[in-house]
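A.B. asks: The chain contents come next:
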Amino acid sequence: MTGGVGTSVRRPDGPAKVRGEFSYAGDLAAEGMLVGSTVRSPHPHARITGIDTAAARAISGVHAVLTSADVPGDLYFGLTLRDEPALADGVVRYAGEPVAVVAAVDAATARRAARAVAVEYEPLPPLTDPQQSLTAPPLHPDGNVYRHVSYSCGDPDARGVVTVENTYRIGMQDPAFLAPEAGLAWPTPDGGVALDVATQWLHSDQTQIGWATGLPPEKVHLRLAGVGGAFGGREDVTLQTHACLLALATGRPVKFEYTREESFLAHRQRHPGTIWLRHSADADGRIVCVEGRVLLDGGAYASTSPVVITNTVTLLQGPYRVDNGRFEGWSVRTNNPSCGAMRGFGVPQAAFAHEAQLDALAGALGMDPLEIRLRNALQRGDVATFGQRFDAPTPVREVIEGLRAIPLPAGPARRAPGGVGRAAEPGSVRRGIGYAVTIKNLAFSEGHVDESTAEVSLCDGHATVHTACAEVGQGFVTVAEQVARTVLGATTVEVTQPDTLIASAGSTSASRQTMASGTAVHRACAAVRVRLLAQVARRHGLDAAGLTVVDGTVCAAGRPVTPVAAAAPGQTLRATEHFQHPATYPLGSAEGGMYVAFSFSAQRAVVDVDVELGLVSVVQVASCQDVGTVINPTQLLGQIEGGIVQGMGLALMEEVVVADGLITNPDFQDYLIPTIVDAPEVVSTYVTDPEPGMPHGWKGAGEPPLCTAVPAVAAAVRDATGLPLPAVPIKPEHVALGLGAAPTVTWTTPRPAAPSRAVNIVVDEEARDAPGTMAEEGAPGGR
Amino acid sequence: MSVDPLVADEFVTFPLTVDGVPREVTARWSESLLTVLRDRLGVLGPKTGCGHGRCGACAVRVGVGPDEPHVLCACLVPAATAVGATVETIASLGGPDGELSDVQEAFLAEGAVQCGICTAGFVTAATELLERHECPSRTEIEEALYGNLCRCTGYGRIVAAVESAARTRRERKDPVPLTTRKLTASLRTGPEAAE
Ligand code: FES
Ligand code: FES
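Chains as they are written, first to last, in our numbering: chain A, 1421 to 2203; chain B, 213 to 407.
If you're looking for bench data, these hints aren't it; they were derived computationally from the structure. The model shown is predicted, which means the values in this text are computed figures rather than measured ones. For each residue, glycine too, the CB sits at the ideal point set by N, CA and C. Be careful, since some hints might not be right.
To give a feel for the contact side, a few chain A residues facing chain B, derived at Cβ under 8 Å [unchecked claim]:
1) Gly-1440
2) Phe-1597
3) Ala-1599
4) Val-1892
5) Gln-2055
6) Asp-2087
7) Thr-2095
Just so you have them, the derived chain B footprint on chain A, three or more residues with Cβ under 8 Å [to be verified]:
8) 1424–1433
9) 1442–1450
10) 2061–2069
Work the whole structure out from these sequences, hints included.
C.D. replies: Structure follows, in structure tokens:
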């Protein structure tokens, strides 16, 4: 089918975007609109002893100044624990926490009024070390531990001949979507409020706005505004509640648009973390046992910290069969910026650590890095350390073999390291090659309902598709159009702007929207097709069961009957369908698995490193990914390339630097994201083993490339330099000064797993150990 | 380009030409050209990504005085220096009769657009590059576009789009036989076509 599934259909929103006519949240405006501004805490931790808004209110052009006292509903919100006040509640727990909001006639007046709000703070000592958080007095009535996870499988004391262990560190990464947060709220005649906003999850925002405003959900009307990138950073509420509160308070439309600096302060970052891992293996490289401990700094409020930690801990095993192990982790509260969802959701941290370990094992045993990975590769039917059976295609070997088939880049590098200036000295440039293979869970986990609903209508060959799935740049609009063409034979397709008039589609995150909303659209299209074919059957005296839609034409036994566009003149056929993945269960549940599905990915990075200056140029990244099926080759490649470059950013340059609770680099001058000069050549191939239960066998593809690029690039730099480099981002000084400790390699007497030990996983409620004792076990610290 | 703080907050009214239309605007001296365009004149093609000259989402072509017009970050140009300027935004870059330009067309065809917030800036910078270099090397493309950030695409499709637009332009000037062109086109449609 022209424009159907499997073809490189162009984005339907593309023409408006290349003309500069696509409307983004930042472009919103309304008659009589006021502009909002936020008063943020300059302190990472302080008691608020007084707020005086009189001077701000007195400024001409100021329409409202709100503090927590003015929030009519429930002050507390949050994606998981509801521990965060919409406006500070007597205490501020991170620098940048909203204390008051202002609405005024224009941006300059609003900013002036925000500055005029007099907040008296009594600074408290900030708790910025996540290890200390475990034993420190609670920073919040809910305590300091967002979640502690601990489980074991098989016999965690089993040993092979060699044991390697090290402690790895991952820095804080900013999603750095290019369009800062923006939205426009206005009061509605039903006494409610409407909000057009750039978000990833309309219904979650709606619920949380309902809490603060005290309005029932049916009076909180959300519609997606044009979104300029998201990557997880728009999953939490930021300005949504503030804009709605101000619109209700003033009776006028209120627009917020953050500056880049505010964006850094307001949204959630990727969790920085420390991971200790000990792998033991046989002489032939087979993994005998893995022990791991994780500490993630969740920052001031919970966000998704309780979920992220489980991803990191359970996927420490990597895409490898591990029969014996012990795993533990904490995500904790500090006075650092709050962390939450970012593309990869806890897995890049795990992947960086487990892949460094695999290389260390290979090094100790003198094995080829791909060979050791092949030898341990998970297969369909294996059971994960967390008890779930891999009962769908598990093509780990296939992605590794696929990667191996991609030739290395020929000839010398096109450019020297050192950016446009190419500052490197040719004499000190060394080439390195690194490999990584990862596992990423797809969709929501541990019992969080993963569902979506689609309404599809068809009239004279024109299909209209309506869901609440947020298009954030990933290209769901294209996929929806392709499905409507393939299933319905539609000539033209309109994907309407997502809103809360239809049921929730869940978040555009977790690589899940093709699987959830794509499948809902597929089902709704199939339901409309049934109606269409019934009509055609009646009209032409045929049996509906013998009719099909082929390339825009209704056919009977392969013979054209009528074009879809002329099949039911003037009639609108409509269907609404819901899709929900089979249930998932909490870690340790006997009832079923934690995760909906998995994807596997293998990458090889080739780098040139100036070992004197520490400058790195990534020459090429080759990738082979398990994608189920290729829906749109061009869009898929865009996801792979974009993910690889973001992962490379985390590996080499991106870090939100936090000193005493303050972000020191909240701008693109000092927070570096890869430019076109940094971007490597990407060669992308795929393994297409259809995912059971999914139309066309599709599965999510957005996160794995990032998860794999981080360890692959780091491994390549290790290969070029011979340095252990146990921390990312690897900055020039780490290379030039050789910072970071090497894994400890111990030769051990083999101790097979005791047969009496349960094969089932055992979940402990109590902490077995504290992360602070990692070093005492002989693991060297990272940097 | 700094402005005396005493006059920075003063409002002034001045003329400038935006996308071929003479306009008059009242703004504070200290405002950026980007604010003037977006907030005062409602010209929304240039986007705000960072507001401090690091992302290129706000790129526009500005001509002041007798100098050649040049692509600049509108967020870095103080209104005071835009007096009487000629400003061309993405709205000036379409092809004839409301068609897409070859550069815009190539961005769509090659998948160089995802969220699209960077696209106007990239198309603006790439258009200027192709006016100067008929056949830019990969290095020249990088040098022309490294002031533009894209967080979604990883740049691969953007490079492919610029190269493809350059190729189309050359072919239009010096047409190759149709059969060869068709073959090249069909070779470029599979997933591997990307690299
Ligand atoms: S907004 Fe002007 S360079 Fe970023
Ligand atoms: S397409 Fe999103 S920033 Fe470039």
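A.B. asks: Next, verify each hint and record whether it holds.
C.D. replies: Cross-check of the supplied hints:
no.: 1; hint: Gly-1440; verdict: holds, 3 Å
no.: 2; hint: Phe-1597; verdict: holds, 6 Å
no.: 3; hint: Ala-1599; verdict: holds, 4 Å
no.: 4; hint: Val-1892; verdict: holds, 6 Å
no.: 5; hint: Gln-2055; verdict: holds, 6 Å
no.: 6; hint: Asp-2087; verdict: holds, 6 Å
no.: 7; hint: Thr-2095; verdict: holds, 5 Å
no.: 8; hint: 1424–1433; verdict: holds (count 4)
no.: 9; hint: 1442–1450; verdict: holds (count 6)
no.: 10; hint: 2061–2069; verdict: holds (count 6)
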